[in-house]
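K.L.:
Listed below are the residues making up each chain.
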Amino acid sequence: MTEKFTIVEAGSGLREVTAPMTPRNVKRHGEAPNPTATALAEKFPDAVQRSEVVWGETVVYITPDSVPEVMRWLHDDPGQRYDFLSDVTAVEYRDFDSPIEVVWHLRSLPYRRFLRVKATLPKNAPLAIASVWDIWKSADWMERECFDMFGIRFEGHPDLRRILMWEQYKEGYPLRKDFPLRGRFSRAEQLRQALSQNIESRYSMEELTIADAFEDLPPDMRKRLSTGERTGE
Amino acid sequence: MGLSASPDRRTVAYEPQSQEGWVTTRLDFLVNWGRANSLWPMPFGTACCAIEFMATAASRFDLARFGMERMSFSPRQADVLICAGRVPFKLAPVLRRIWQQMPQPKWAISMGACASTGGMFDNYAVVQGIDTIIPIDVYVPGCPPRPEGLLYGIRMLQQKVMQERSADRKIREEMSPDPSSQLYIPPSVIDELGEPFGNSVHQTRSAP
Chain A
3 MTEKFTIVEA GSGLREVTAP MTPRNVKRHG EAPNPTATAL AEKFPDAVQR
53 SEVVWGETVV YITPDSVPEV MRWLHDDPGQ RYDFLSDVTA VEYRDFDSPI
103 EVVWHLRSLP YRRFLRVKAT LPKNAPLAIA SVWDIWKSAD WMERECFDMF
153 GIRFEGHPDL RRILMWEQYK EGYPLRKDFP LRGRFSRAEQ LRQALSQNIE
203 SRYSMEELTI ADAFEDLPPD MRKRLSTGER TGE
Chain B
7 MGLSASPDRR TVAYEPQSQE GWVTTRLDFL VNWGRANSLW PMPFGTACCA
57 IEFMATAASR FDLARFGMER MSFSPRQADV LICAGRVPFK LAPVLRRIWQ
107 QMPQPKWAIS MGACASTGGM FDNYAVVQGI DTIIPIDVYV PGCPPRPEGL
157 LYGIRMLQQK VMQERSADRK IREEMSPDPS SQLYIPPSVI DELGEPFGNS
207 VHQTRSAP
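Just so you know, the sequences run in chain order A and B.
3 is the number of the first residue of the first sequence in our numbering; add one for each residue after it.
7 is the number of the first residue of the second sequence in our numbering; add one for each residue after it.
Mixed in with the good hints, there may be bad ones.
What the simulated footprint calls covered on chain B by chain A, stretch by stretch (three residues with Cβ under 8 Å from a Cβ of chain A suffice, anywhere in the stretch; the number is not a length) [as the list claims (entries may be wrong)]: (1) 93-102; (2) 185-194.
Only pairs whose alpha carbons sit at most 25 Å apart, straight line, appear in this in silico DSS-like list of lysine-lysine [what the hints assert, rightly or not]: (3) A:Lys172 to B:Lys96; (4) B:Lys166 to A:Lys179; (5) A:Lys125 to A:Lys179; (6) A:Lys29 to A:Lys45; (7) B:Lys166 to B:Lys176.
Label-pair distances were calculated between CB atoms; the ranges are [what the hints assert, rightly or not]: (8) A:Leu183 to B:Pro183: 24 to 30 Å; (9) A:Ser140 to B:Ala70: 53 to 59 Å; (10) B:Ser187 to A:Ser228: 45 to 51 Å; (11) A:Leu183 to B:Ala70: 39 to 45 Å.
If you're looking for bench data, these hints aren't it; they were derived computationally from the structure.
We put the beta carbon where it would ideally sit given N, CA and C, even for glycine.
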């Protein structure tokens with residue numbers, strides 16, 4: 003019954019493997035840039051304004067007009083393959099020359115790269131920029147949130163509605179710098195407007211039940227559903 | 007028997023020596039005793055207070071000791087609404103509707119600083135106290151309250167239930183919000199309740 007056994011120290015089996023380490027002592031400036039930045043500057047010399055490396059992360063500034071083609075190239079080019087859009091957001095500075103910056107966080111899972119793309123919206127113009135929904139479907143709700151909070155219109159978005167605030171919200175865009183923290187209306191007025199909202203009205207047709215879309219389903223799924231089989235479980 | 011009351015009130019008389027097998031009591035006492043010890047909570051948890059509420063319901067603190075072991079996730083079979091967490095304006099009509107779906111008799115507990123006053127969230131999105139939406143019986147302070155705090159609030163609610171009189175019809179009246187504005191208290195009171203305090207008074211509102 004008493005067999006000899008050896009104590010294996012934790013991690014000893016991994017000695018020969020060079021696992022990627024979490025980078026330490028990253029300098030604020032001067033880290034190696036993402037190779038995509040130089041490739042972008044060669045491919046789109048007119049679109050890329052400048053690029054910098056902050057805390058080891060590459061930021062590329064592009065012109066707002068060039069967003070569709072640059073994003074499409076970043077997604078489709080076999081040398082880049084940014085297949086994951088992790089965030090779409092915006093930054094407003096108290097600066098009249100650059101009112102609002104739209105920011106995209108891209109990640110390339112095959113090449114393990116991270117790229118931050120920024121586009122400064124022009125002043126004295128409506129806040130609008132091209133949607134990237136046709137490239138990354140995950141842009142849907144993130145662009146809706148960006149529209150809800152900043153009022154930036156993403157042209158080409160299929161369903162640009164408010165997502166965090168309710169649809170009848172009248173006070174404006176809460177993350178703008180000129181928006182007072184407590185809102186523009188009195189508390190009683192805010193509550194009155196909130197209580198008068200229609201709770202059921204915030205679903206689009208796409209979010210309604212599958213029963214409404216039954217006729218549009220493929221035939222095999224219609225057959226399975228009609229026999230009582232349930233999907234998605 | 008389990009029926010007990012303070013001896014001076016003499017609400018229960020039970021004499022096992024007489025072997026008659028009957029008790030006399032006040033109907034109010036009996037009804038309230040039954041209600042107070044079988045309050046079915048409707049958990050409305052929106053934030054971290056709900057974690058403490060779950061801890062209160064779990065075995066260590068054991069809400070079942072007070073007859074509340076049955077969480078009623080349907081408001082139509084609930085007695086007490088426990089609002090645990092901050093309520094944004096978008097959720098205000100939902101909370102109002104849940105409260106209106108609960109049948110009488112019903113009570114409400116506002117658990118935590120955010121539900122009671124808006125807490126640290128004195129901003130455009132958060133209701134400054136859910137008592138501007140529905141009437142509240144017990145406020146439990148804390149951020150979040152410990153389970154002992156919630157249990158103390160529940161015990162306070164049980165005492166309140168025990169003191170109710172069935173002859174008093176006003177306590178069973180359903181709220182009747184103003185049909186045009188849906189508010190059930192005057193707007194000036196809501197503004198007063200939502201008035202900021204502390205450092206934040208230096209902020210100004212851009213429009214009245």
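K.L.:
Does each hint hold? Answer for all of them.
P.N.:
Going through the hints against the structure:
Given a C-beta distance limit of less than 8 Å, the hint that chain A covers the stretch 93-102 of chain B holds, as 6 residues qualify and 3 suffice. Counting residues of the stretch 185-194 of chain B whose beta carbon lies closer than 8 Å to any beta carbon of chain A gives 5, which meets the minimum of three for the stated coverage. Between Lys172 (chain A) and Lys96 (chain B) the CA atoms are separated by roughly 13 Å; this keeps the pair inside 25 Å, and the hint holds. Proposed proximity of Lys166 (chain B) and Lys179 (chain A) is contradicted: the alpha carbons are some 47 Å apart, above 25 Å.
A C-alpha spacing of about 15 Å is found between Lys125 (chain A) and Lys179 (chain A), which places the hinted pair at or below 25 Å, so the restraint holds. The straight-line distance between the Cα atoms of Lys29 (chain A) and Lys45 (chain A) is roughly 28 Å, outside the 25 Å bound, and the hint therefore fails. Simply put, Lys166 (chain B) and Lys176 (chain B) have alpha-carbon atoms about 15 Å apart, close enough for the 25 Å limit, and the pair holds. A C-beta distance of roughly 28 Å is found between Leu183 (chain A) and Pro183 (chain B), which places it inside the suggested range of 24 to 30 Å.
Taken as a hint, the range 53 to 59 Å is violated for the pair Ser140 (chain A) and Ala70 (chain B), whose Cβ atoms sit roughly 44 Å apart. Between Ser187 (chain B) and Ser228 (chain A) the Cβ separation comes to about 48 Å, which falls inside the hinted range of 45 to 51 Å. For Leu183 (chain A) and Ala70 (chain B), the hinted distance range of 39 to 45 Å is satisfied, since their beta carbons lie about 43 Å from each other.
Going through the hint list in order, the structure does not satisfy hints 4, 6, 9.
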